[in-house]
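Chemist: Those protein sequence lines, which keep their order, are chains A and B. With the first letter of the first sequence counted as 1, position 143 gets the number 143 in our numbering; the numbers rise by one all the way through. Position in the second sequence counted from 1, then plus 1000, gives you our numbering.
A hint or two may mislead.
Claimed, not checked - Calculated cross-link-like contacts (lysine to aspartate or glutamate; reagent style EDC-like; alpha-carbon spacing at most 16 Å): (1) 1171(B) <-> 146(A); (2) 339(A) <-> 1026(B); (3) 474(A) <-> 390(A); (4) 339(A) <-> 154(A); (5) 171(A) <-> 1200(B); (6) 1481(B) <-> 1429(B).
To be verified - If we take Cβ atoms under 7 Å as the criterion, some of the chain B residues that face chain A in the derived model are: (7) 1040; (8) 1092; (9) 1114; (10) 1118; (11) 1140; (12) 1196; (13) 1237; (14) 1322; (15) 1323; (16) 1349.
Simulated from the structure, these hints should not be mistaken for laboratory data. In this text, a Cβ means the ideal position worked out from N, Cα and C, and glycines have one as well.
Number of protein chains: 2
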Amino acid sequence: YPSKPRLQSKAVLNGVLSRAKVLTIDTMNPTVKKVEYAVRGPIVLRAVELERELSEGMKKPFSEVIKANIGDAHAMGQQPITFFRQVLALCSYPELLNDSTFPEDAKSRARRILQSCGGNSMGSYTASQGIDSVRQDVARYIERRDGGVPCDPDDIYLTTGASDGIVTMLKLLVCGEGATRTGVMISIPQYPLYSAALAELGAVQINYYLNEEKCWSMDISELQRALDEARRHCNPRALCVINPGNPTGQVQSRQCIEDVIRFAANERLLLMADEVYQDNVYAEGCQFHSFKKVLFEMGPEYSDTVELVSFHSTSKCYMGECGFRGGYMEIINMDDEVKAQLTKLVSVRLCPPVPGQALMDLVVNPPQPGEPSHDNFIKERTATLSALAEKAKLTEQVLNTIQGISCNPVQGAMYSFPRITIPEKAIQEAMEPDMFYCMKMLEETGICLVPGSGFGQTDGTYHFRMTILPPTDKLTILLNKVKEFHQKFTQQYS
Amino acid sequence: YPSKPRLQSKAVLNGVLSRAKVLTIDTMNPTVKKVEYAVRGPIVLRAVELERELSEGMKKPFSEVIKANIGDAHAMGQQPITFFRQVLALCSYPELLNDSTFPEDAKSRARRILQSCGGNSMGSYTASQGIDSVRQDVARYIERRDGGVPCDPDDIYLTTGASDGIVTMLKLLVCGEGATRTGVMISIPQYPLYSAALAELGAVQINYYLNEEKCWSMDISELQRALDEARRHCNPRALCVINPGNPTGQVQSRQCIEDVIRFAANERLLLMADEVYQDNVYAEGCQFHSFKKVLFEMGPEYSDTVELVSFHSTSKCYMGECGFRGGYMEIINMDDEVKAQLTKLVSVRLCPPVPGQALMDLVVNPPQPGEPSHDNFIKERTATLSALAEKAKLTEQVLNTIQGISCNPVQGAMYSFPRITIPEKAIQEAMEPDMFYCMKMLEETGICLVPGSGFGQTDGTYHFRMTILPPTDKLTILLNKVKEFHQKFTQQYS
């Protein structure tokens, strides 16, 4: 992050009594300084600058900055689901309930949401845990998804996006000092919210490495290695898993999930399952299995004891409604007293944004067969998911035609995370070779990616994360530009 | 917070290998346990239970629970501003831009907001600091409000309600251990977000008492006393002020604000000004003065040096849109490196909810004279603010007719905070006399208030906080019920 050089205080320069600042880089909270979040880091700041320079008429080797750094579907042209937006408009301005152009199922959904709001207004606070009727709908959704495994609405907490739920859970968990400080296991590569939250809380980050050779799968032996090493200097208490994977795009097999649950049970780790991409599964033979479903299929020895928290969101899947900051978490086997503390903790922030709660309700309770909006809803959802599946394949295929780039199949989620070969000369020249590579790519092509170092990677390997979200024609151009750039870069530093 | 008795683990009961929980009340983060938030505490939990019991047909001495515990305007029947909701509907479902029943100014406002969103959709992430054009509108609003004092949009951060901004600023600030641990001065009575955030961050809470005898004003001598005492055991670095006051309803004089700024400057304290009730000023002769305006009127010795953060929100004033979680903060004289850290920190949570950002934009940029919606906007705003002014007066007047209750004028904000005399016998019977009083009031009348202990009060004095938000007829009934209850309670314990 850029910052101007520190000046002497103005007062001194004017010869007046000095008054130094209360809050400086040296006197601020040191844990905040340690926080890093590459998805919006220096490359993105530079991309924003470049956009400004372009708009001011400055000449660049490209006419447009393409932000492939973040899973921001609508910004990349994905259209919102019509039904969802109709209901949101009706809830925002209930006068529209008299408008005959809105379908009846949208109106009845809006009425139900408004009836659950104080004074029938989305402008009222809701219960801190979220609107009752929405939590009931979430519970029924989970039961359908998991083939009838029961879900108690009381175990559902609506959140401000999944990030909010993840940070809240970590906050409950992290304590101790020195060798008893809480350690939390996260995958490498990871989504950097985890490392950022752990840094802010002063928790110990325990890295377990995904196996790139086996399509970014989780190895129990690697979990064991990481845990055993960590036990020497901290108190590991939780294991975070992202499935489908971010940034790595793998979809975990049922067997793998079962093994992970058994590992967590044996090692007494609380499981945090980040399942926000649960509808984003593209590869043949892959299927989403929720951690909860597998847990319950393993029988009461596990389903009565393993503490599991699962996170979902309105931001991904086929809806991509990031801006509304909707989400939920389900807590399973949580101690009753801890749950009371969780309810208290979330009450301090009053409630999650109500439009996001409404949207979460629609996601878990979309138009049903026979309802007027059903066919169009299915059509829109299918179109979006098919396009994503196509783009996942296209991305993998084109990247793998580039010498020096190898990309695992994008089985799910919204990103490719290819491995790139960076010539020795470039490695010697740069402090962070993949940051150097991505910055050069941005300056020369206008394509904004995130270097692998922002997610973590095995030492000596280099990657970038690229979303598969641009429209197919634009994605094709983008992939070809990446190819051209990589070839040029390789030549230049060989 | 109620919790079930701890059971032995199921596994032990079944004679199977025990597997104790990872996360229990004894092994969770102890700072979270210390967090308290009375506005949604045990009384409110009981009120929710009572509502359920009533709906199940259980007999009670009342037919309805009235939640006068929280500043939730729409839940109390206040109507949203039509123009705001029209624009939100247009932004949610842009098809409506073709609907001729929507006024042109609403449409042009919606178009402008959508043009600032990626893919013209509120479903896109925005810049973490908030949408550029909204921050520009906020800056122009502040300049108009403060008689032309300049405001840089770059110093505006949009937030998820004011609470989010306050917690973020405290997070940047709090550090150190033992005698160097950061201390933060807050008023007593206070809004319990402050004590909750400080407890969670492990900061030292430094109480300064407002002067109830002088209409809850701030005394510099009391600030000095609190600071001098605190300096013996911590490092005081910030002073929080709520103006207009919550829960106390006072509006600070210009002179008082100037004295507070001088105190902060001399003592090197960062000033945090919670100004979310800036339009809620009712009493004759009272006027809202922003801390920023006064700071700049004091000349460069102050305006170039004093670090000030001011908070505003969409939740209060005449709009009362709590559920949208919109807000902003303006940072003044903040060190550039710290500002870069702040920008980084907020980026981890991606962005504030976009509908809340849109609403904040409308609040700072409402319909202008000559625009089609202007007259109706003014009519609606005036009606709401006049009704609040009337209810503020009514509340004060009726409460002061009750023997054993004395209430300062409700000059601003949305609450009365009357002092109540609790008979000696009740004090001896109860652990927390005003909690006991409010719980009894709830059980007997259905009126939900927050005991003074939730906000802090001088030892041996008792209060409750009651919103002035119910419609006038309901408020009259409520106040009479309070009167009856207080008389009965006093008799019973005399």
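Chemist: Hints first: check each against the structure and report whether it holds.
Modeler: To see whether the hints hold, each was checked on the structure:
no., hint, result
1, 1171(B) <-> 146(A), "violated (39 Å)"
2, 339(A) <-> 1026(B), "holds (13 Å)"
3, 474(A) <-> 390(A), "holds (13 Å)"
4, 339(A) <-> 154(A), "holds (10 Å)"
5, 171(A) <-> 1200(B), "holds (9 Å)"
6, 1481(B) <-> 1429(B), "violated (23 Å)"
7, 1040, "holds (4 Å)"
8, 1092, "holds (4 Å)"
9, 1114, "violated (11 Å)"
10, 1118, "holds (3 Å)"
11, 1140, "violated (20 Å)"
12, 1196, "holds (4 Å)"
13, 1237, "holds (6 Å)"
14, 1322, "holds (5 Å)"
15, 1323, "holds (3 Å)"
16, 1349, "holds (6 Å)"
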